[in-house]
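J.: Below are the chains, spelled out letter by letter.
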Amino acid sequence: MALKLTNLYKSFGSIRVLEDINIISNKKECIAIIGPNGAGKSTLFKVISGIVKQDIGNVEFNNKNINELNVEKRARLGISQSFQKNSLFLEMTVKESLMLACSHKYKTSFNLIKPLIKNNFISDDAIMIAKDIGLENYLDVQSEFLSYGLQRQLELGIAIACNPKLLLLDEPTAGMSPAETKDIITLIRKLSKDYSIIIVEHDMEVIYNLADKIYVLDRGKLIFEGSPNAVKNSKLVQKVYLGI
Amino acid sequence: MRAVNYNPKLRFQIMIILILLSIIFNIFGGYFTRFFVAEIIILSIFAISLDFIASRGGMVSLGHAMFLGIGAYATAILSINYGIPPFYATFFSILIGLFIALLIGYFIVLLDGIFFIMVTLALGEMFHAWVFTSELLGGSDGITGIMRPDLSFLKIDLNTPIIFSFYTIFWLIIVYNLISRITDAPLGRNLDAIRQNSERVSAIGGYKKTYKAIAFSISAGIASLAGSLYVQLNGFISPELTHWTVSGEGLIMIIVGGIGSISGAILGASVVHIIQHELSNIINWWMLVIGFGFILVVLFMKDGLWGLIESIKKKLGY
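Protein chains in written order, with this note's numbering: chain A, 586 to 829; chain B, 4 to 321.
Honestly, the hints are just simulated from the structure, not real lab data. Ideal Cβ placement from N, Cα and C applies to all residues, glycine included. Errors might be hidden in some of the hints.
Simulated restraints, written as ranges between beta carbons of each label pair [to be verified]:
{"hint": "1", "chain 1": "A", "residue 1": "Gly598", "chain 2": "B", "residue 2": "Ile177", "range": "53 to 59 Å"}
{"hint": "2", "chain 1": "B", "residue 1": "Glu202", "chain 2": "A", "residue 2": "Phe730", "range": "18 to 24 Å"}
{"hint": "3", "chain 1": "A", "residue 1": "Asn655", "chain 2": "B", "residue 2": "Gly238", "range": "48 to 54 Å"}
{"hint": "4", "chain 1": "B", "residue 1": "Ile117", "chain 2": "A", "residue 2": "Gln669", "range": "27 to 33 Å"}
{"hint": "5", "chain 1": "A", "residue 1": "Gly598", "chain 2": "B", "residue 2": "Ala125", "range": "32 to 38 Å"}
{"hint": "6", "chain 1": "B", "residue 1": "Phe110", "chain 2": "A", "residue 2": "Glu653", "range": "20 to 26 Å"}
Within a straight-line C-alpha distance of at most 27 Å, the following computed DSSO-like cross-link-like pairs (lysine-lysine) qualify [said to hold, decoys possible]:
{"hint": "7", "chain 1": "B", "residue 1": "Lys305", "chain 2": "A", "residue 2": "Lys699"}
{"hint": "8", "chain 1": "A", "residue 1": "Lys690", "chain 2": "B", "residue 2": "Lys211"}
{"hint": "9", "chain 1": "A", "residue 1": "Lys750", "chain 2": "B", "residue 2": "Lys12"}
{"hint": "10", "chain 1": "A", "residue 1": "Lys703", "chain 2": "B", "residue 2": "Lys316"}
{"hint": "11", "chain 1": "A", "residue 1": "Lys649", "chain 2": "B", "residue 2": "Lys211"}
{"hint": "12", "chain 1": "A", "residue 1": "Lys670", "chain 2": "B", "residue 2": "Lys212"}
{"hint": "13", "chain 1": "A", "residue 1": "Lys690", "chain 2": "B", "residue 2": "Lys212"}
{"hint": "14", "chain 1": "A", "residue 1": "Lys703", "chain 2": "B", "residue 2": "Lys317"}
{"hint": "15", "chain 1": "A", "residue 1": "Lys703", "chain 2": "B", "residue 2": "Lys211"}
{"hint": "16", "chain 1": "A", "residue 1": "Lys692", "chain 2": "B", "residue 2": "Lys316"}
{"hint": "17", "chain 1": "A", "residue 1": "Lys658", "chain 2": "B", "residue 2": "Lys211"}
{"hint": "18", "chain 1": "B", "residue 1": "Lys211", "chain 2": "A", "residue 2": "Lys638"}
{"hint": "19", "chain 1": "B", "residue 1": "Lys317", "chain 2": "A", "residue 2": "Lys638"}
{"hint": "20", "chain 1": "A", "residue 1": "Lys699", "chain 2": "B", "residue 2": "Lys12"}
{"hint": "21", "chain 1": "A", "residue 1": "Lys612", "chain 2": "A", "residue 2": "Lys767"}
{"hint": "22", "chain 1": "B", "residue 1": "Lys212", "chain 2": "A", "residue 2": "Lys699"}
Selected chain B positions facing chain A (Cβ under 7 Å, derived; list incomplete) [to be verified]:
{"hint": "23", "residue": "Ala125"}
{"hint": "24", "residue": "Glu138"}
{"hint": "25", "residue": "Arg184"}
{"hint": "26", "residue": "Ile185"}
{"hint": "27", "residue": "Pro189"}
{"hint": "28", "residue": "Asn193"}
{"hint": "29", "residue": "Gln199"}
{"hint": "30", "residue": "Arg203"}
{"hint": "31", "residue": "Ala206"}
{"hint": "32", "residue": "Ser314"}
{"hint": "33", "residue": "Lys316"}
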């Protein structure tokens, strides 16, 4: 079991955004969280990654309670995330950005002497990741000057470069063209063989293509969980989320 | 914070030119020129220390003159009161600066923008007030009679102006190499990443607080070195050196030179100090001119002199 959320509650003032959330993510499983806007998906991601702390409940990762760990410590345990809005190092090139993330994987981030760019094994690793995410031809391009779609790919690449055990992907295909979306789906499917993945996505085709299990959130509560087929056939989900 | 200047090749080229110029002025100049060159070099070391934390860690310090003072007073006290040879006193001064900054840095490095500026300003002013009234540190009169290092075993007489000036250049080259290496190394790149996107550095498991505390300490150690060299150049130290305006002048130097470029800090320190000196010989209202010039640089040359050189190089096709 990679991640276990038990009886999670979270309120902002008088507004309850998460209520009695129970989710289990097994190793190398891709689970999806869907729901209408304001359902609490992003808050749930923030609770898992440690950006926001839950009011009540437990977050366990690889059978270890991580309630008290902050974002940095959770990331070091292997929880890595790609953000809904691109969160890049805009003044760095693609290669530098990936190498920087890799420097944490290889525990060389405290090195004071050897230039990062001259570290061969980190460089090789960054190039491999760039190939995986389809950015091998953009290694020396500054992140700021990449197209939106390519920036989304880099966003994912930085998350992978940290050698995660659990990948949190917040709307990885948002704003992408159909062709770019197809590439990202292929990439995430490839990644799901090596990592546990939790994905938040509005595009149901993406979800049906990737998820082993789907959780449906509505106004902070889990209203349904099941396989993609079960979700497709659920009248409750169709009514609440798909509006059918 | 806006983009910083990161171009290792240009950084090295400018550094070489500046070092060559200082060597030429040192060899062909008279007594005063050599003293003046040493003064500029020491200011450059101080400016590099400020530039490093301002550009890489996003920490703009208005209290950094405190570390200049710590280096200067520690060298004075250790060599006069405890009889430690000035050369070793310089090393101890650097360590004292490093250690104090590590203690302070642990509590303040995660403060953002204006809060960091104000806390460093407050700390600097507290130190200044203490120095001003401390009997041990000579109060408002300061301390006199500080000796230069004795390197006679190497047949080097640092009391000769040209030799002492070369001695400061030697230290500048060490500091430049150290900061250049750290800037290009993973720690420096992580510091730069924190300035660009602090949230993402956390999300990839970076040790934000530790990186910044290390940078702050290294910077303080370098400022302390500048302080130590300053007292050895002048033979005395007074509380004015620890006033916040000294930190402010340091910041003006790095903005004029071009933030984050390292060589720009040396360039800025040289230009600002030369203009200050020349203008103050001609007019009483020289500070007004300096202030006006600074405003022009901020408005029209955001990358400072470094940016100007970079754009000229591009136009010439290099």
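J.: It remains to establish, for every hint, whether it holds in the given structure.
T.: Checked hints:
no., hint, verdict
1, Gly598/A / Ile177/B: 53 to 59 Å, "holds, 56 Å"
2, Glu202/B / Phe730/A: 18 to 24 Å, "holds, 22 Å"
3, Asn655/A / Gly238/B: 48 to 54 Å, "holds, 51 Å"
4, Ile117/B / Gln669/A: 27 to 33 Å, "holds, 29 Å"
5, Gly598/A / Ala125/B: 32 to 38 Å, "holds, 34 Å"
6, Phe110/B / Glu653/A: 20 to 26 Å, "holds, 21 Å"
7, Lys305/B / Lys699/A, "violated, 30 Å"
8, Lys690/A / Lys211/B, "holds, 16 Å"
9, Lys750/A / Lys12/B, "violated, 39 Å"
10, Lys703/A / Lys316/B, "holds, 26 Å"
11, Lys649/A / Lys211/B, "holds, 24 Å"
12, Lys670/A / Lys212/B, "holds, 25 Å"
13, Lys690/A / Lys212/B, "holds, 18 Å"
14, Lys703/A / Lys317/B, "holds, 26 Å"
15, Lys703/A / Lys211/B, "holds, 23 Å"
16, Lys692/A / Lys316/B, "violated, 38 Å"
17, Lys658/A / Lys211/B, "holds, 11 Å"
18, Lys211/B / Lys638/A, "holds, 20 Å"
19, Lys317/B / Lys638/A, "violated, 50 Å"
20, Lys699/A / Lys12/B, "holds, 16 Å"
21, Lys612/A / Lys767/A, "holds, 25 Å"
22, Lys212/B / Lys699/A, "holds, 21 Å"
23, Ala125, "violated, 28 Å"
24, Glu138, "violated, 40 Å"
25, Arg184, "holds, 5 Å"
26, Ile185, "holds, 5 Å"
27, Pro189, "holds, 4 Å"
28, Asn193, "holds, 5 Å"
29, Gln199, "holds, 5 Å"
30, Arg203, "holds, 5 Å"
31, Ala206, "holds, 6 Å"
32, Ser314, "violated, 18 Å"
33, Lys316, "violated, 19 Å"
Taken one by one, the earlier hints fail for this structure at numbers 7, 9, 16, 19, 23, 24, 32 and 33, listed in ascending order.
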